[in-house]
Amino acid sequence: MFRAPVLALVVLLTALTVAAPAQAKRTVPRGFFGVVADGPLTDGEVSLAPELAKMRRSGVETVRVVFDWAHAQPYASFADVPVADAARFTDVGGVPTDFSFADRFVAAAARQGITVLPVVIRAPAWAVDGPPSYGTPPRDASAYAAFARALAARYGPRGTFWATQKHDRPIRAWQIWNEPNLGTYWNQQPSWAGGYAALLRAAAAAIRAEDRRATIVTAGLTNGSASTAWKALSLLYAAGGKGAFDAVALHPYTAHISGVLKTVRNAREVMRRHHDVKPVMLTEVSWSSSDGDSPDRFATWDTTERGQARKLTTALRTLARQRKRLRIAQVDWYTWLSPHARRAQWSDYAGLSRLARGKLVRKPALTAFSQVALAAEGRARR
27 MFRAPVLALV
37 VLLTALTVAA
47 PAQAKRTVPR
57 GFFGVVADGP
67 LTDGEVSLAP
77 ELAKMRRSGV
87 ETVRVVFDWA
97 HAQPYASFAD
107 VPVADAARFT
117 DVGGVPTDFS
127 FADRFVAAAA
137 RQGITVLPVV
147 IRAPAWAVDG
157 PPSYGTPPRD
167 ASAYAAFARA
177 LAARYGPRGT
187 FWATQKHDRP
197 IRAWQIWNEP
207 NLGTYWNQQP
217 SWAGGYAALL
227 RAAAAAIRAE
237 DRRATIVTAG
247 LTNGSASTAW
257 KALSLLYAAG
267 GKGAFDAVAL
277 HPYTAHISGV
287 LKTVRNAREV
297 MRRHHDVKPV
307 MLTEVSWSSS
317 DGDSPDRFAT
327 WDTTERGQAR
337 KLTTALRTLA
347 RQRKRLRIAQ
357 VDWYTWLSPH
367 ARRAQWSDYA
377 GLSRLARGKL
387 VRKPALTAFS
397 QVALAAEGRA
407 RR
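Residue numbers (the numbering used here): 27 to 408.
Just so you know, the hints here were simulated from the structure itself, not pulled from any lab data.
Nothing here was measured: the structure is a model prediction, and the numbers come from that model.
By construction, the Cβ of each residue, glycine as well, lies at the ideal position given by its N, Cα and C atoms.
One or more hints might be untrue.
Between beta-carbon pairs, the in silico distance windows are [stated by the list, open to error]:
no.: 1; residue 1: D194; residue 2: R388; range: 25 to 33 angstroms
no.: 2; residue 1: G285; residue 2: V109; range: 51 to 59 angstroms
no.: 3; residue 1: R184; residue 2: R137; range: 14 to 22 angstroms
no.: 4; residue 1: R238; residue 2: V303; range: 16 to 24 angstroms
no.: 5; residue 1: T326; residue 2: V109; range: 48 to 56 angstroms
no.: 6; residue 1: S103; residue 2: A235; range: 19 to 27 angstroms
no.: 7; residue 1: T210; residue 2: Y263; range: 43 to 51 angstroms
no.: 8; residue 1: R323; residue 2: P158; range: 38 to 46 angstroms
no.: 9; residue 1: G285; residue 2: D194; range: 19 to 27 angstroms
no.: 10; residue 1: T393; residue 2: G269; range: 38 to 46 angstroms
no.: 11; residue 1: R323; residue 2: L74; range: 27 to 35 angstroms
Please take these sequences and the hints and turn them into a complete structure.
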């Protein structure tokens, strides 16, 4: 009695199976495409959770964010902490530590299945080697290393943080500082390499004590006015940095994609000369879209918003094609969300989205990023 309908169902299911398109093939490893999170996204001006959900839907698999040492450990001891603030601090080797920002960000990213790459930077006033400023390095590398170890113990594969979470995504890669070959981030110039190499070695040992398989990433070495990224890498080797890191981070700011590739190739040559072939992570790649509005003298790569989208498309597709040949492990666009900008520095126009008088504006670059990333990840665009 039911034979005919069953046969019809089988025929229908067979037809649907034949007609269904094959799943697209992933052509890049998980986490290859990422973005930087800063500005309005991390200062509370916009809600974090919806933006991370938008990232996931747009193909973002890694998010690079600052874990600010000065914010987390502003006091050297509990004796210095105002009574009204004491409750927000955890004792880490006698140093009061506020994990609230990192906890919130890591948990929100884990809920979306996004991997976090922390940049651990900025010495607190009690730990600096000179007058306090964003670019003053720590007086003693061991204090920075102790903080880095505490982070790995909390958010690494055996991290205490995950016991309280429904979703876990342990942090396995740690970036040690940012752009030390620029005075903005390391004010002891031009002799930055020795101090930074010592910091890198101390932090690497501390993190590996908690997670021996952790990936230690150099600070992003950038093409600055006084140094190229590859020259900075050569100086780092000369200062004894070899063996302390597992991946080289580059910030190849340049007018054209050809300059990005040149930066990676030259850094590769430096590694070969030191018999130290490591993966490269482009932890900042960007072109801003001020269309001439920025008076910044570094805004030599400015374009329009549509021009930015075209440059992004060319860059990400080229880097994905070249990733095996050049051993590129990750590409992070700077940045996800820009503030409202008028006659501002170039970086305030670099976002895939922007704020305009408090409202979120999705730029053509976000559509371009999503198209490239989702296609390479074998996912359909939403």
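Status of the hints after comparison with the structure:
1. The hinted window of 25 to 33 angstroms between D194 and R388 holds, with their beta carbons roughly 30 angstroms apart.
2. Between G285 and V109 the beta carbon distance is about 54 angstroms. The supplied range of 51 to 59 angstroms therefore holds.
3. Look at R184 against R137: about 21 angstroms separates their beta carbons, and that is inside 14 to 22 angstroms.
4. Range check, R238 to V303: Cβ separation about 21 angstroms, and the 16 to 24 angstroms hint holds.
5. Between T326 and V109 the C-beta distance comes to about 51 angstroms, which sits within the given range of 48 to 56 angstroms.
6. As the Cβ distance of S103 to A235 is approximately 23 angstroms, the hint placing it in 19 to 27 angstroms holds.
7. For T210 and Y263, the Cβ-Cβ distance of about 23 angstroms falls outside the hinted range of 43 to 51 angstroms, so the restraint is violated.
8. With their beta carbons about 27 angstroms apart, R323 and P158 fall outside the hinted range of 38 to 46 angstroms.
9. A beta carbon spacing of about 39 angstroms between G285 and D194 contradicts the range 19 to 27 angstroms that was offered as a hint.
10. For T393 paired with G269, a C-beta distance near 43 angstroms keeps the hint of 38 to 46 angstroms intact.
11. Between R323 and L74 the CB atoms are about 33 angstroms apart, so this pair conforms to the stated range of 27 to 35 angstroms.
Checked against the numbered hints listed earlier, the structure breaks hints 7, 8, 9; every other hint is satisfied.
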